[in-house]
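Residue numbers (numbering that gives the first Met the number 0), protein chains in the order written: chain A, 0 to 249; chain B, 0 to 329; chain C, 0 to 94.
Everything labelled a hint here was simulated from the structure, so no lab data went into it. Note that the Cβ used here is the ideal one computed from N, Cα and C, for glycine as well. Mixed in with the good hints there might be a few duds.
[Stated by the list, open to error] Covered stretches of chain B (chain A as the covering partner; in silico rule of three or more C-beta atoms under 8 angstroms from a C-beta of chain A):
| hint | segment |
| --- | --- |
| 1 | 60-73 |
| 2 | 80-88 |
| 3 | 91-101 |
| 4 | 188-200 |
| 5 | 306-313 |
[Stated by the list, open to error] Taking lysine to any residue pairs in the SDA-like style, the calculated list, with each CA pair at most 20 angstroms apart, reads:
| hint | chain 1 | residue 1 | chain 2 | residue 2 |
| --- | --- | --- | --- | --- |
| 6 | C | Lys3 | B | Ala322 |
| 7 | C | Lys36 | A | Leu127 |
| 8 | A | Lys204 | B | Lys321 |
| 9 | A | Lys209 | A | Pro193 |
| 10 | B | Lys321 | C | Arg44 |
| 11 | C | Lys3 | B | Leu116 |
| 12 | A | Lys125 | C | Arg44 |
| 13 | B | Lys320 | A | Ala205 |
| 14 | B | Lys171 | C | Arg39 |
| 15 | A | Lys128 | C | Asn46 |
| 16 | C | Lys3 | C | Glu55 |
| 17 | A | Lys204 | A | Ala153 |
| 18 | A | Lys128 | C | Thr43 |
| 19 | B | Lys218 | B | Leu12 |
| 20 | B | Lys195 | A | Trp249 |
| 21 | C | Lys36 | A | Glu129 |
| 22 | C | Lys3 | B | Glu110 |
| 23 | A | Lys204 | B | Arg324 |
| 24 | B | Lys242 | B | Phe181 |
| 25 | A | Lys204 | A | Asp160 |
| 26 | B | Lys38 | C | Thr43 |
| 27 | B | Lys242 | B | Ile258 |
| 28 | B | Lys195 | A | Arg242 |
| 29 | A | Lys204 | A | Ala157 |
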Amino acid sequence: MQPLFEFLLRQGDNALVLGHRTSEWCGLAPALEEDIALTNTALDLIGQTQLWLGYAAEVEDTGRSANDLAYLRDAYDFRNLLMLEVPNEDFGRTLMRQFLFDAFQVPWLTALQTSADPRVAEIAAKSLKEATYHLDRSAETVVALGDGTADSNARMQAALDYLWPYSGELFADDETDSAMADGSIAPLPSSLRPAWATTVEDTAKAACLKLPESDFAHSGGRTGARHTEHLGHMLAVMQVLQRSYPGAVW
Amino acid sequence: MYAQMVKSTGKGLVAREDMSFEDRAFQDRIDAGEKIEPKDYMPDGYRRNLIRQIGQHAHSEIVGQLPEGNWITRAPTLERKANLLAKVQDEAGHGLYLYCAAETLGVSRDEMTEMLLDGRMKYSSIFNYPTLTWADMGAVGWLVDGAAIMNQVPLQRTSYGPYARAMVRICKEESFHQRQGFHIMMAMVNGTADQKRMAQDALNRFWYPALMMFGPSDKDSVHSAQSMAWRIKMNTNDELRQKFVDETVPQAEYLGLTIPDDDLQWNEDTGHYDFTEPDWAEFFEVISGNGPCNVDRLNARQKAWDDGAWVREAMVAHAEKKAARKQAAE
Amino acid sequence: MSSKEWPLWEVFIRGQHGMSHRHVGSLHAVDAEHAIKNARDVYTRRNEGVSIWVVEAADIAASSPSEKGPMYDPARDKVYRHPTFYDIPDDAGKM
Numbered sequence: 000m001q002p003l004f005e006f007l008l009r010q011g012d013n014a015l016v017l018g019h020r021t022s023e024w025c026g027l028a029p030a031l032e033e034d035i036a037l038t039n040t041a042l043d044l045i046g047q048t049q050l051w052l053g054y055a056a057e058v059e060d061t062g063r064s065a066n067d068l069a070y071l072r073d074a075y076d077f078r079n080l081l082m083l084e085v086p087n088e089d090f091g092r093t094l095m096r097q098f099l100f101d102a103f104q105v106p107w108l109t110a111l112q113t114s115a116d117p118r119v120a121e122i123a124a125k126s127l128k129e130a131t132y133h134l135d136r137s138a139e140t141v142v143a144l145g146d147g148t149a150d151s152n153a154r155m156q157a158a159l160d161y162l163w164p165y166s167g168e169l170f171a172d173d174e175t176d177s178a179m180a181d182g183s184i185a186p187l188p189s190s191l192r193p194a195w196a197t198t199v200e201d202t203a204k205a206a207c208l209k210l211p212e213s214d215f216a217h218s219g220g221r222t223g224a225r226h227t228e229h230l231g232h233m234l235a236v237m238q239v240l241q242r243s244y245p246g247a248v249w
Numbered sequence: 000m001y002a003q004m005v006k007s008t009g010k011g012l013v014a015r016e017d018m019s020f021e022d023r024a025f026q027d028r029i030d031a032g033e034k035i036e037p038k039d040y041m042p043d044g045y046r047r048n049l050i051r052q053i054g055q056h057a058h059s060e061i062v063g064q065l066p067e068g069n070w071i072t073r074a075p076t077l078e079r080k081a082n083l084l085a086k087v088q089d090e091a092g093h094g095l096y097l098y099c100a101a102e103t104l105g106v107s108r109d110e111m112t113e114m115l116l117d118g119r120m121k122y123s124s125i126f127n128y129p130t131l132t133w134a135d136m137g138a139v140g141w142l143v144d145g146a147a148i149m150n151q152v153p154l155q156r157t158s159y160g161p162y163a164r165a166m167v168r169i170c171k172e173e174s175f176h177q178r179q180g181f182h183i184m185m186a187m188v189n190g191t192a193d194q195k196r197m198a199q200d201a202l203n204r205f206w207y208p209a210l211m212m213f214g215p216s217d218k219d220s221v222h223s224a225q226s227m228a229w230r231i232k233m234n235t236n237d238e239l240r241q242k243f244v245d246e247t248v249p250q251a252e253y254l255g256l257t258i259p260d261d262d263l264q265w266n267e268d269t270g271h272y273d274f275t276e277p278d279w280a281e282f283f284e285v286i287s288g289n290g291p292c293n294v295d296r297l298n299a300r301q302k303a304w305d306d307g308a309w310v311r312e313a314m315v316a317h318a319e320k321k322a323a324r325k326q327a328a329e
Numbered sequence: 000m001s002s003k004e005w006p007l008w009e010v011f012i013r014g015q016h017g018m019s020h021r022h023v024g025s026l027h028a029v030d031a032e033h034a035i036k037n038a039r040d041v042y043t044r045r046n047e048g049v050s051i052w053v054v055e056a057a058d059i060a061a062s063s064p065s066e067k068g069p070m071y072d073p074a075r076d077k078v079y080r081h082p083t084f085y086d087i088p089d090d091a092g093k094m
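If we strip away everything but chain A, and leave its shape as in the complex, we get (with noise of 0.2 angstroms):
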């Protein structure tokens, strides 16, 4: 597979694999103006994997849309983070994993505007309001529900608990991001960890949050060597049309 194609999957799986996951929400939420903000989430990152998968179809350039992409591809297929596939468990898990997302996103999506490859540097630059926004938005949930009650901290508390050991995956560097590096169209991914450090670090602090001493990270989303077993179930549900009648136009 070409570099380049491998890291547009990574930047659309990614958004495609969080943006469900949130729009799994619509309608359950609790308050209607969380609901609302998080399909505002969820409607930015369809839009990113729009962009990313569609660019990343035509550099494949094997007749494949963004939507095959999206809708017929296996798990194993998948280049997106272990983090953002698990499942939502409650309000709490769901804004830290969109917190440490976000964390990494803004300084990641920040140096992709001047990627060499001027098209990701245009879908980065649109991207980067998108995220900014909403890495405003999650550290602000995740120190109120960290600071809040007593039961709201303890349930932070366990999702950083939960998610912390999925964090290290995005600054496990690889020949791809190699790739990417040597031809100034990424950097290299674990160049962003002290700026993602210093985010979750204050915010965890601001939250009342302890952050886990292990620095045990688990891997295999990004490579797609070993997805977790909840991908294969997500993409059971979201592929159900496209696989039960092929070819049909929807």
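Let chain A serve as the given structure and place chains B and C on it in line with the hints.
Just chains B and C now, kept in the frame of chain A:
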């Protein structure tokens, strides 16, 4: 409609000579087309009727998120997924605007939510029907939103200012909903044999429930006269139902779908379609809790409300701590 | 389980074209920052605005409807405040 069978709190239309001095002056303002605002004098019955009607309308938007929300995770393309999400999100927004309008009458949103959950307040019968295939997303947008728009457009001129203003905003936003549904139907009828079958099946299942949305026939509707005098109901149930049938039949023909009514035919004399009334016995069963999805819908709302309680509480607790810290620092 | 309800806020939005902030509706939020974010998410989804004001509904002072006559009727006959009151011949040029 979204507010069907709103039980009036009075005993029907009050005659002018039986009105108090204030009530007569109030009725004169309404007859002159003036808007009633939250702090203005209003008869108790007007206030209570409006709370029920706007509350029921708001609940319908919120419960109405569920049957369509049922397909968000299974939408067949990224475009359809975004369209459907935006539409269901609008319903949350419309519920929000309507709750706020009702709140100007002295009832809180949480109180109304509790009344929905414990059964004291109702929502539209239509949302107690299941959405079984993707074509239902088309049928709901086309028929259910189509029927809703028919009722909501005149309500922009309703006598209560906050309600009228909410309706203006809702109508503006809602204009894409019906088109979104029809667009799905067009893709289905132009698609494979399976898709055409799904489209016809969806129309078969949603036609009569859509007709029921307008509420029972005027001759059986005891609450209409007072509501119309107060201009919180602008047209009779039968008028709106007829208008809906007249507009929808040609659209079904355009789609090449068959309305499930053997007696449906154009009547030259009246200039309208003759059609079969829905099964009102079924309607009353659904309204009283025996529709296919009533229990599931309320359970889903109850679960969302309970699951969200810790979040709502924690947000308040944090805001209070933040305010106290700020004050301490000053 | 009836915990404290989020207070009600009124939302004002200034659109793209330099008009004043206009009241667009209400929402619930725990404090002003939260209200501004909620207003962004609820009331600017269709690109309606570039600036948001929020004010807690309980903090609004409003005129009383019972004083409507004395408050507003006296302005009715002051027609000389409107340009059309003054009859200027067309020959005088554009004014």
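Going down the list of hints, with the structure as the test:
| no. | hint | result |
| --- | --- | --- |
| 1 | 60-73 | holds (count 7) |
| 2 | 80-88 | holds (count 6) |
| 3 | 91-101 | holds (count 5) |
| 4 | 188-200 | holds (count 5) |
| 5 | 306-313 | holds (count 8) |
| 6 | C:Lys3 to B:Ala322 | holds (16 angstroms) |
| 7 | C:Lys36 to A:Leu127 | holds (18 angstroms) |
| 8 | A:Lys204 to B:Lys321 | holds (15 angstroms) |
| 9 | A:Lys209 to A:Pro193 | holds (18 angstroms) |
| 10 | B:Lys321 to C:Arg44 | violated (29 angstroms) |
| 11 | C:Lys3 to B:Leu116 | holds (18 angstroms) |
| 12 | A:Lys125 to C:Arg44 | holds (16 angstroms) |
| 13 | B:Lys320 to A:Ala205 | holds (12 angstroms) |
| 14 | B:Lys171 to C:Arg39 | holds (18 angstroms) |
| 15 | A:Lys128 to C:Asn46 | holds (14 angstroms) |
| 16 | C:Lys3 to C:Glu55 | holds (16 angstroms) |
| 17 | A:Lys204 to A:Ala153 | holds (14 angstroms) |
| 18 | A:Lys128 to C:Thr43 | holds (15 angstroms) |
| 19 | B:Lys218 to B:Leu12 | holds (15 angstroms) |
| 20 | B:Lys195 to A:Trp249 | holds (11 angstroms) |
| 21 | C:Lys36 to A:Glu129 | holds (13 angstroms) |
| 22 | C:Lys3 to B:Glu110 | holds (11 angstroms) |
| 23 | A:Lys204 to B:Arg324 | holds (16 angstroms) |
| 24 | B:Lys242 to B:Phe181 | holds (18 angstroms) |
| 25 | A:Lys204 to A:Asp160 | holds (15 angstroms) |
| 26 | B:Lys38 to C:Thr43 | violated (28 angstroms) |
| 27 | B:Lys242 to B:Ile258 | holds (16 angstroms) |
| 28 | B:Lys195 to A:Arg242 | holds (18 angstroms) |
| 29 | A:Lys204 to A:Ala157 | holds (15 angstroms) |
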